[in-house]
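Participant: Sequence:
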Amino acid sequence: MLSIPLKKRLTSNLFALLIIANLLLVLLPAWQGSFIWQYISDVDVYFKITGYAAILINFGLSIVIILLNTKFDGKWLLLFCFLTMSSFTLSMFQSDFSFKLPEGFMAFGVYIVLVCVLPTYAFSNQIRNITLILFLIWAIVPIFYFFLAPVSVKMLFYAASGGTFSGFALHRNFYGVYTGIAFILLTFVEWRTLYKYPLYILLLIGLGMSESRTVLLCLLVSLAYKKYSSKRLWLVYLGIVCLIGILVYFLLIDVLADYTMRKDLDSNAREELYWGFWNVFLDNPLLGKGKDVLYFSSHYPEGSPAHNLILQALASYGMVTTFFFLIFLILIYINMEQNGRVLFLFLLITAMFQPYVDTGFPTALTVIVLLLGQMFSNKNKSVLYVEK
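With this note's numbering applied, the sequence shown corresponds to residues 1 to 388, in that order.
Think of the hints as simulated: they come from the structure by calculation, not from any bench.
Mixed in with the good hints, there may be bad ones.
[Claimed, not checked] Here are the simulated lysine to aspartate or glutamate pairs, EDC-like style, with alpha carbons at most 20 Å apart: (1) Lys-231 <-> Glu-302; (2) Lys-291 <-> Glu-302; (3) Lys-196 <-> Glu-271.
[To be verified] Estimated spans, in silico, between C-beta atoms of each pair: (4) Ile-133 <-> Pro-5: 27 to 37 Å; (5) Ile-244 <-> Ile-137: 29 to 39 Å; (6) Ser-3 <-> Tyr-274: 28 to 38 Å; (7) His-299 <-> Glu-190: 43 to 53 Å; (8) Pro-285 <-> Phe-147: 17 to 27 Å; (9) Ile-49 <-> Leu-156: 16 to 26 Å.
None of these values were measured; they are calculated from a predicted model.
Each residue gets a CB set at the ideal place from its N, CA and C atoms; glycine is no exception.
Could you build all of it, start to finish, from the sequences and the hints given here?
Facilitator: Shown next, in the form of structure tokens:
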């Protein structure tokens, strides 16, 4: 039997490894000028390699962490996570047998660690600062590189991002999402104003170059929540900001479409996508199709996910799974501290407009947000392995 101090020490080391591994995966320089494309020329292969690596790393480390920590917080979290993954797995039995069948079990294990074990540990300011600096380097360095590079290199920043800047990421939205997270993390730290404001400006330049309207909306709402959530009428403030943000998202961008580099700002295409997924859901509302649904049309000849977590979950796995999953997400939000809630709100708004949050195994974005939400929580303790 291992002693309690040794278990805590081992757990803290495993959490450090979990953080490092996920940061490497999401901040991998995957742009078209990267060394990666000397060895992997196919985007689908790249996503399979990084996706399987994320599953193996997160599930493998989670199992060991669970074995070291047999007492969990948040029994309601556990219950609704179990119900979500059980109904998710039941729905998948409708389709042909595939490697995805164990996904519900694996997701349950990872979520146990992220929402029931991780919150019992605290992180030092040193770990926070190092993490933030990595995000800042990843978000800002490509901006300088882009402006200093020759034209041939500049084009590589646009190759896979629909005509807009994608930094060192594979797509503008990946760059935008993690740059937006860097912006939020910067608001959490108590650095000198002399350092913070130039960094804010550089991050906003990167976001503007990416023209990722989803991230701009997420950032607007999340920062408004951070500012007003302690006030009595914070729901009113947040509602006004959401309304303004959505109007900008759907109306102003269309008006400005002729003045942007993006050539895919077609709101009709997104509306068609949403209605298409809604009709798929109506075909089998209880358990869905039992697999990840794609929608095919003239706008999306190669098929597209819903770009909306709720519609995707309803069409793919039905209203039972969606109901349990939404309650599970609400419980995660309730159990997080203020900084974690700001990041989690950023994640949820992203999920309403992009396919980066799934019902089953947590995506890289979900894992990173839950890790960072705890790391940058309002509790300030000196070492990783000290209990609350």
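Participant: Which of the listed hints are broken here?
Facilitator: 1, 3, 6, 8
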